[in-house]
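Visitor: Listed below are the residues making up each chain.
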Amino acid sequence: MSVLSRGFGRGRGRPADDRLPPGQYDVGSGFPVLSAGPTPHTPLAQCDLTVHDETDALRRWSWEEFRALPHEALTVDIHCVTKWSKFDSRWEGVAVDRLLQDVPTTATHVLAGSDGGYTTNLPLEDLTGGRAWVVDTYAGEPLPPEHGGPARLLVPHLYFWKSAKWLRRLTLLHHDEPGFWETFGYHNYGDPWREQRYSGD
Amino acid sequence: MARAAVQRRLNWLRARVLDNRMETPRVHRLVLDVPGWSGHLPGQHVDVRLTGEDGYVAERSYSLASPPEVPQLHLLVERLDDGEVSPYLTDEVRSDDVFELRGPIGGYFVWSVSADRTDRDTARRPVQLVAGGAGVSPFVAMLDHHRRLDSPTRMQLLYSARCEQEVLARDVLGPETTITLTREAPAGWRGETGRIDAGMLQRRTFGPAERPRTFVCGPTVFAEAMATTLVDLGHDPSAIRIERFGSTGEPS
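If you read the sequences in order, they're chains L and G.
Going letter by letter, the first sequence gives residues 1 to 201 in my numbering.
Going letter by letter, the second sequence gives residues 202 to 453 in my numbering.
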């Protein structure tokens with residue numbers, strides 16, 4: 001069912017763009033900020049990153065150790081469930097493959113956990129194979145706190161709420177466990193190209 | 202964390218415009234009849250989808266400014282001059298026009314009488330609302346809901362507007378509301394003036410000792426400043442919920 005709006009249409013300067021998933025618009029040079037609560041300001045000395053399984057911490061990097069890991073530069077399009085997309089955003093960070101390379105696991109899912117209590121869930125296969133990073137640099141500068149600094153997850157092929165800000169923990173699970181927004185009616189997987197915004201999409 | 206979210210599919214519904222009237226120079230109130238609407242909680246929002254005759258589709262989110270007790274859905278739409286959806290909704294849409302809408306969306310930035318009746322310990326904590334500009338929309342739904350159901354929960358709103366002419370939903374705002382005007386105040390103005398800062402928060406909101414449940418809604422810069430200041434004043438970060446609209450780019 002399509003309901004047409006009289007007089008509404010593609011505006012000037014808004015050409016069709018096959019880089020835009022359905023229902024999204026190009027935010028241009030802007031970079032909106034979204035989070036459910038206050039921005040944490042944890043001192044870097046206390047910002048570690050850990051990989052857990054269901055019972056134990058398997059790996060831990062202090063902030064300095066994380067900074068010393070090999071970083072990759074990447075330029076990607078990002079898509080927020082609140083409808084904006086941002087093209088060619090430039091990041092630097094550590095591939096999740098690298099963080100998990102010495103961690104033998106039969107896990108199927110990951111729950112990403114953040115400073116402040118935010119969580120989001122992903123299939124493990126969406127975090128590996130060169131599709132996800134933990135980034136600490138945006139546009140050549142240290143990632144600002146309001147955008148998730150000192151370090152956030154970056155999973156550009158899923159809606160951006162999956163790219164957890166203020167990342168502190170990756171928990172490897174043998175089952176799927178809904179994260180924060182996923183328990184509030186947002187889609188469990190969140191593929192922007194299939195417009196999986198909300199549960200049931 | 203509540204794990205009681207309702208996980209049902211949100212279908213697109215037909216919203217028929219009953220009224221589109223200027224609320225303030227920059228904000229219109231759209232009153233919608235939405236057959237099949239399943240109800241909502243104050244604070245939730247909807248997605249609006251417009252389809253042009255050329256097939257062009259645009260979607261945006263708007264907070265609901267009406268309480269669940271009102272059968273029609275009210276949206277307060279701020280006209281953004283460089284926007285592609287809001288100027289259409291404010292300037293072009295007329296009564297009996299139809300567009301698509303789905304919701305309700307979001308289960309975190311909500312307050313309701315029924316939840317407070319279920320959780321008496323939480324209900325003893327007051328509710329502090331802090332709004333910047335059109336960010337008052339979800340709070341209009343909360344205040345109206347609170348009043349219609351005669352809720353015992355203590356609730357206050359601190360509302361920052363640029364000038365008196367831009368104050369929204371005056372019919373709903375009562376003695377629980379403090380308005381501060383940031384650009385100009387009329388002669389004899391008895392509310393606050395100037396931007397909300399730490400001192401105004403201390404004067405005009407529930408203090409940390411009362412463990413308020415705090416909701417902040419407004420543009421990103423506003424929301425970020427309010428949240429940071431509230432945390433600095435000693436409020437528990439986990440008790441502060443934020444809804445941001447607008448952006449450094451093109452908002453809705």
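Don't read these hints as lab results, they were simulated from the structure.
In this text, a Cβ means the ideal position worked out from N, Cα and C, and glycines have one as well.
Hints may be right or wrong, so weigh each one.
Chain L side only, calculated, beta carbon under 7 Å to chain G, not exhaustive [what the hints assert, rightly or not]:
no., residue
1, S2
2, R10
3, V33
4, W61
5, A68
6, L69
7, P70
8, K83
9, F87
10, G185
11, G200
Visitor: Which numbered conditions among the earlier hints are violated in the structure presented, ordered from lowest to highest?
Guide: Violated: hints 4, 5, 6, 7, 9.
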